[in-house]
Structures are given as C-alpha cells and as structure tokens.
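Visitor: Each chain, letter by letter, is given below.
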Amino acid sequence: MTTSEPLTGLTVTKLCCVRGERQVFRDLSFHVAPGDMLSLVGPNGSGKSSLLRQLAGLLEVTDGEINLDGAGEDQTVADVVLYAGHLDAVKAPLRVSENLSFWAAFYGVSATQVEPALEAFSLGHLGHLPAGVLSAGQKRRLGLSRLALIDRPLWLLDEPTVSLDTASIAALGDLMRSHLKTGGSIIAATHVDLGLEGTRVLDLSSNGGASL
Amino acid sequence: MDSWTEFFNMGGYGPYIWSSFLIAIAVMTGLALQSWMDLKKQKRLVSELEARAERKRS
Amino acid sequence: MNAFFALVQREVRLATRVGGGGGMAVFFFLIVLSIVPFGIGPDLNLLTRIAPGMLWVALLLSALLTLDRLFQADQEDGTLDLLVLAPQPLELTVLAKAVSHWLTTGLPLVIAAPILGLMLNLPLDGMLPLMGAMLIGSPALSLLGAVGAALSVGVRRGGLLISLLVLPFYVPVLIFGVSASRAALVAVPGDLGGQSLALLGAVSLASLVVGPVGGAAALRVAVK
Amino acid sequence: MAWSIHTYANPTRFMNFSAIVLPYVWALAGAGIGIGLYLSFFVAPPDYQQGDSVRIMFVHVPSAWLSQFGYGIMVVSSIVALIFRHPLADVAAKSAAPIGAVFTFLALVAGGLWGKPMWGTYWVWDARTTSTLVLLFIYLGYMALWAMIEDPNRAARVAAVLAIVGAVNLPIIRFSVDWWNTLHQPASVFRLDGPTIHSSLLWPLFVVALGFTFFFIGVLMVRMRAEILRRKVRTLQMQQAAA
Chain A
1 MTTSEPLTGL
11 TVTKLCCVRG
21 ERQVFRDLSF
31 HVAPGDMLSL
41 VGPNGSGKSS
51 LLRQLAGLLE
61 VTDGEINLDG
71 AGEDQTVADV
81 VLYAGHLDAV
91 KAPLRVSENL
101 SFWAAFYGVS
111 ATQVEPALEA
121 FSLGHLGHLP
131 AGVLSAGQKR
141 RLGLSRLALI
151 DRPLWLLDEP
161 TVSLDTASIA
171 ALGDLMRSHL
181 KTGGSIIAAT
191 HVDLGLEGTR
201 VLDLSSNGGA
211 SL
Chain B
213 MDSWTEFFNM
223 GGYGPYIWSS
233 FLIAIAVMTG
243 LALQSWMDLK
253 KQKRLVSELE
263 ARAERKRS
Chain C
271 MNAFFALVQR
281 EVRLATRVGG
291 GGGMAVFFFL
301 IVLSIVPFGI
311 GPDLNLLTRI
321 APGMLWVALL
331 LSALLTLDRL
341 FQADQEDGTL
351 DLLVLAPQPL
361 ELTVLAKAVS
371 HWLTTGLPLV
381 IAAPILGLML
391 NLPLDGMLPL
401 MGAMLIGSPA
411 LSLLGAVGAA
421 LSVGVRRGGL
431 LISLLVLPFY
441 VPVLIFGVSA
451 SRAALVAVPG
461 DLGGQSLALL
471 GAVSLASLVV
481 GPVGGAAALR
491 VAVK
Chain D
495 MAWSIHTYAN
505 PTRFMNFSAI
515 VLPYVWALAG
525 AGIGIGLYLS
535 FFVAPPDYQQ
545 GDSVRIMFVH
555 VPSAWLSQFG
565 YGIMVVSSIV
575 ALIFRHPLAD
585 VAAKSAAPIG
595 AVFTFLALVA
605 GGLWGKPMWG
615 TYWVWDARTT
625 STLVLLFIYL
635 GYMALWAMIE
645 DPNRAARVAA
655 VLAIVGAVNL
665 PIIRFSVDWW
675 NTLHQPASVF
685 RLDGPTIHSS
695 LLWPLFVVAL
705 GFTFFFIGVL
715 MVRMRAEILR
725 RKVRTLQMQQ
735 AAA
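Taken in order, these protein sequences are the chains called A, B, C and D. Here the first sequence is numbered in this note's numbering, starting from 1 and rising by one per residue. Here the second sequence is numbered in this note's numbering, starting from 213 and rising by one per residue. Here the third sequence is numbered in this note's numbering, starting from 271 and rising by one per residue. Here the fourth sequence is numbered in this note's numbering, starting from 495 and rising by one per residue.
Mixed in with the good hints there might be a few duds.
Claimed, not checked - The following label-pair restraints were derived from C-beta to C-beta distances:
| # | chain 1 | residue 1 | chain 2 | residue 2 | range |
| --- | --- | --- | --- | --- | --- |
| 1 | B | 260 | D | 615 | 22 to 30 Å |
| 2 | A | 35 | C | 479 | 16 to 24 Å |
| 3 | A | 65 | B | 237 | 51 to 59 Å |
| 4 | D | 566 | A | 137 | 52 to 60 Å |
| 5 | C | 494 | A | 27 | 18 to 26 Å |
| 6 | C | 305 | A | 65 | 29 to 37 Å |
| 7 | C | 464 | B | 253 | 54 to 62 Å |
| 8 | D | 521 | C | 310 | 18 to 26 Å |
Said to hold, decoys possible - Covered, in the sense of this in silico footprint (three residues per stretch, anywhere, with C-beta under 8 Å from a C-beta of chain D), are these stretches of chain C:
| # | stretch |
| --- | --- |
| 9 | 379–386 |
| 10 | 439–452 |
| 11 | 481–488 |
Bear in mind the hints are in silico, worked out from the structure with no lab data behind them. Cβ atoms here follow ideal geometry from the backbone N, Cα and C, with glycine treated the same way.
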C-alpha cells in the first residue's frame, strides 16, 4: 500500500472531546509520523471511538487542534484518512464483489483493484454470493478489504479484529505491516496484539471523564 | 344600564368579539403561566441537584 | 461524476432487490386511489373533477412512504460515515440519493398514473398533461424529501417526523402540479396550463438547489 | 468543566440581565395592551362598514404580526447559531417557536371569528388564511424536530437547518397559495383583501400591537431562562451519573 500523498505526520494538540455535555477526554496531545502505529487502549467510554471519529472529521472538535503535517492547502481530511468503524457498511442484498466495486467507484479506484483487495482477506471465491449470507467474521473481512482497496496514508481502525478468526487476524496484521512499511500510519483501538513492531500505546484512561 | 347592554352587544357582533378576546386572553395567560411554571420547575431541579452535590462534597 | 453514477446505480440496485423497489410505492399509490371512491361514492362526474387532485395527493403520500429509509438505512450499517468521508462533495451525494429515490418512486408512479387515472374516470386527453406535470414536478418531491430525510437521520420514529417536516414544503408542488394537470380538463381562460407548468418547473429547479445544499448541511450535523 | 467559559459565560450574563429587565417588559406589555384596548373600545368609533366587528382586529392583527415576528426571530437565531455557535442563539430559536405557534393559532382563531359574521363562515381557504395555516404546520414540525432529538446540541443544529430551509421556502409557498387562491376564487364572492381599517382605529391598534410584542419578548425571556436551566439540570445530572 503506497501512500499517494507525502504526509509527514499527524499532530494532535490539547484535543478535547465532549459528548452530549459529558467530557470524554481533554488535553490530549500526540504525534504520529509516517510508519507509526499508535494503539489506543482504555476502558469502555474512555473515548477511543470518539477520538477516532474526531480524527476522521466525523465528530466535532470541542477544543484543541488536529493538524495534518505536510498536507497541501486543498487537501482535506477526506483525502488523507481511511476510517473503518465498528460497523461494516456492508449491504446484504448486494453481492460481495458489488459491495466492494461500489466503494472502488465511489472513492475513484480502478475496478481492477477489487479482485486483489478481496483476495487480501481470502474472499475471492465468495465474490458472486450476496453479502447477506456471509458470517459475521466474513462481513468484517469484506468491510476491512476496503483498506486494501483504497489508498490513503492514515488508517483509523476501531476494533478491527472483532469477530475475526486467527487466520484473518494474521492477514490483517500483514496488511497493516505492509502499510506501515510504505510510510503509512495507523491509529487503531484494539485489545489484540497484532505483532507489529514498534507499536506505541496511548492510554486514554488517564485522561478520563471521571475527573469532571 | 342600557348603554352597558349596548356595549356588550357590540351592534350584534358581541358573541364573536367577546369570544375572540376571551380566547386570546385565555391562550396568552396559559402560555405565560406554562412558561413561568416550567421556569419554576427547572429552578427547583437545579437547586435540588446542587444541594445533593454539596452534601456529597462535605 | 463516476462516484455519482456509482451511487445511483447502487441505490437503484438495492431498491429493486429489496421489496421490489418501485413496486411497493406503486402498490401503495393504487390502494390509496381505490379507497377514494369508497369515501366519496362512485359518481363518475365527481371522480373526474377530483381525479387530478387525488392523483397528486396520492403521489405525495407514496413519495413520503419511501423517504425514511433514504439515509436511515445507511446510518444504521455505517455506510453513511463512509459516504460523508468520501472525496465526492456531500451535496452531490445527496443529489445522487434524491435521483435514485426519484428513479425508484417518482418515475414508476408517473408511468402508473394513467392507468390509475382511468379508474377515476380521467378522460384520455387529460392523461398527457397529467403525466407531463408529474414528470416535471415529482423530482421536487424527492429533492425536498431528501432534506427531511437527512434532518431525521438517527431519530426514532423518523418516518413520522419526515411527513410532518416535509408536507408543508410540498404545497407549491401540489398547487402548480394539479393546476397544470387539470388545464386540459376544465376550460380555463388563458393559457393557464403552460403557466402552471412553467411555475412547476421553477419550483423543481429551486428544489434542485435547496435539496442538495440543505440535505448536505443536515447530514453533516446528523453524523456528528 | 464541561460547560466552562465557552458555554457558560453568556448564559449567566443573560440570566442576570433578563432578571433585571423582565419586570419592565411585563409592565410595558400590560400598559400597551391595557391602554390600547381602552382606546379601541371607548374612544375609537365603530367602523362605518364593518361596524363593531372590526374590533376583532385588535386580537387578529397583532397575532398575525407576531406569527411573522416569531419566525423571524427563529431564522435570525438559527443563522447565528449555525455560523457563530453562539450558545444563546439556539436557546432563543427553540424558545421562540412555541410562542410563534401560539400567536399563529390565535391569528387563525380571531380571523375565523371575524369571518363568521362578515363572510358567513368560520373558515375560508383564502390566500392569507391558508398560508398562515401552512406557517403553523412549519412551526409544529420545527417543534417536533426539537422534541424528538435528545441531545440538545445536535437538535439545535438540525433544527437550525430546518428553520433556514423553511425561510427559503416560505416565500415560494406564499406565492403558490396566492396564485392558487386567485385561480379558484369564484367571481361572486367579494374580494377578501382583508379589512381596511379606518385611521381612527390605527393608533389604538398600533399601541395594542406594541403591547403584544412586549408580551412576546417577556414570554420569550422566561422560556429562555427555563431552557438554560433545563440544560444546566441535564449537565448536573450527567455529572452525578458519572461521579
């Protein structure tokens, strides 16, 4: 996975998050450089999902700053970020291959990339089936295959390993490793050790909302 | 006395005029009262919650 | 533009695979219209007089029926996040959604309208003006409806809310649409048909701006 | 603190300010309505055409004015809320809606009570009545949207979008209803241009309208105070749940 745009990193300064008037975390500062993997840990409600959504621009930033270093003037978060939340965004009535070809077309990726992306999670032989018949783990893999399809330097993953078996976790680990090797960055909320070298850990429980 | 009856009769339009005024008064009073009572209720809730927080702190 | 057509294609495909897409709306249209004579009696002259109005009212209701899934379904399975994050402007995404809603609801109803017109004793020479007016006016229903659908994303019982929000905004479409449809039936002085058709077109064009802009603004808020 | 300076300072200032101002607003409202009604009942003569029925205008016209005024406040507040994120703006927009809706309702009721002796029917589908009815529906839809979204911050922004879309569409709706009305107006019924009011009634009417407007502002302030406190209650409850 090559990064299309040179991005020297992501800098977060004194970020705060308020959800429905409740303070989730505050004064969060960190930096992610190309090739970095940042693992978010913390108990439920400590704001792992909220932080990822803020970074993706899907949640309001109450206070603080998120800076994309080295991004051009006309580059927005959408050009840099690939977000995989805990919902798979899979449409049951569509075929497996149709599901992915839609995202290819919508994100401006050539249709020839669809087959290899499915193969990354060994879904190639299921392409003709309606996605509705897939198991939870297979749906998850279909959702994650967008990572292999769409080329963005910064991945934001929210519990990507949920309902995956060991083989698929290994496949995800391989994909993430090659993304990091080519200068990409990953921020992921996950409890599973993916065996990635040089993973840094950000513990959100110390910034908790309990200190309101 | 006669002039008062005449006044209330309003040239035969009395029922319409007085009911329109009465409805307006009733509705406007009701609105003001409802708003005021809501304000009272919120004030009470705030002081209750603050008192509880105070008790916990001490 | 590729992204736009990809979304339209996907939406139409989804609509045809789940519950026959336009089929449900046409069925609803049919059933509402066949209830009317039970309410007002089988007097054919009376039915002729109210046919254009009834057809338009039924069109509004059928269009409303399918609006609540427009963004709600995508919000529930996480698709909406990815649509918002995509490089395509959100306004175009809303427009694509409205276009697909029209293709799967508005267009089938316009095609079915003459058949249902016959049931209400609408004379044959009134069919063409009716279809023309519906063809011009129905896109406005989908475009304005998209704003209502976007506003009620994530709201429980959102379908009911959409109707409350959107129906007042349908008033101009109904007025100009019915007027353009009945011009051929009732002799009116002046070229009223053409005038109301032009006004109907103007409303549709205005909705072409209001729909995507308002819908995108509402979606940005709804996702956050 | 979750509220901190960003959300709290202005509401606090408003609470202090409104507490001082409110008595004067109520006094002005009472004086305007009282004096205006005295003038209109005991000083002004009955209209030479409509007789005493014209006095219903003292309810109808101010209500109709406030139905527009209320929507105006809603739209301006919504724009301020969306662009500047001023924490008081969405409180004002939310609080104005029910008051505007109530006066829209009153305008319709008073119009009907005037119409019965004048036109022989309580309800006519004339242009003004009809577009006022549509306005009432838009008010109710706006209130329903607020009621159905739990998080006030989210509701505020969604409702602001609706208010602005409504403001763009209202002229179109007005025009279409006007056009529809001239189209269907049977020639035998006299023009429903609304009553023309004799100048001797105009001054009292103006004074009553002023009093009504102050009443509107008074209720608006009370409702805004209640709304600010309601949000404070929510915050306190959430804090206690988290503690």
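Visitor: Run every hint past the structure and note whether it holds.
Guide: Structure-based check of each hint:
At about 52 Å, the beta-carbon gap between residue 260 (chain B) and residue 615 (chain D) misses the expected band of 22 to 30 Å. For residue 35 (chain A) and residue 479 (chain C), the hinted distance range of 16 to 24 Å is not satisfied, since their beta carbons lie about 45 Å from each other. At roughly 56 Å, the beta carbons of residue 65 (chain A) and residue 237 (chain B) sit within the given window of 51 to 59 Å. Between residue 566 (chain D) and residue 137 (chain A) the beta carbon distance is about 56 Å. The supplied range of 52 to 60 Å therefore holds.
About 21 Å separates the C-beta atoms of residue 494 (chain C) and residue 27 (chain A), a value consistent with the hinted range of 18 to 26 Å. Checked against the given bound of 29 to 37 Å, the beta carbons of residue 305 (chain C) and residue 65 (chain A), roughly 59 Å apart, lie outside it. Evaluation of the 54 to 62 Å hint for residue 464 (chain C) and residue 253 (chain B) yields a pass: the beta carbon distance comes to about 59 Å. Distance hint check for residue 521 (chain D) and residue 310 (chain C): the Cβ-Cβ separation is about 56 Å, which falls outside the suggested range of 18 to 26 Å.
Judged by the Cβ-Cβ criterion of 8 Å, the stretch 379–386 of chain C is not covered by chain D as claimed, because only 0 of its residues qualify and three are needed. Residue count for the stretch 439–452 of chain C with a Cβ under 8 Å from a Cβ of chain D: 6. That meets the three needed, and the coverage hint holds. Counting residues of the stretch 481–488 of chain C whose CB lies closer than 8 Å to any CB of chain D gives 3, which reaches the minimum of 3, so the coverage claim holds.
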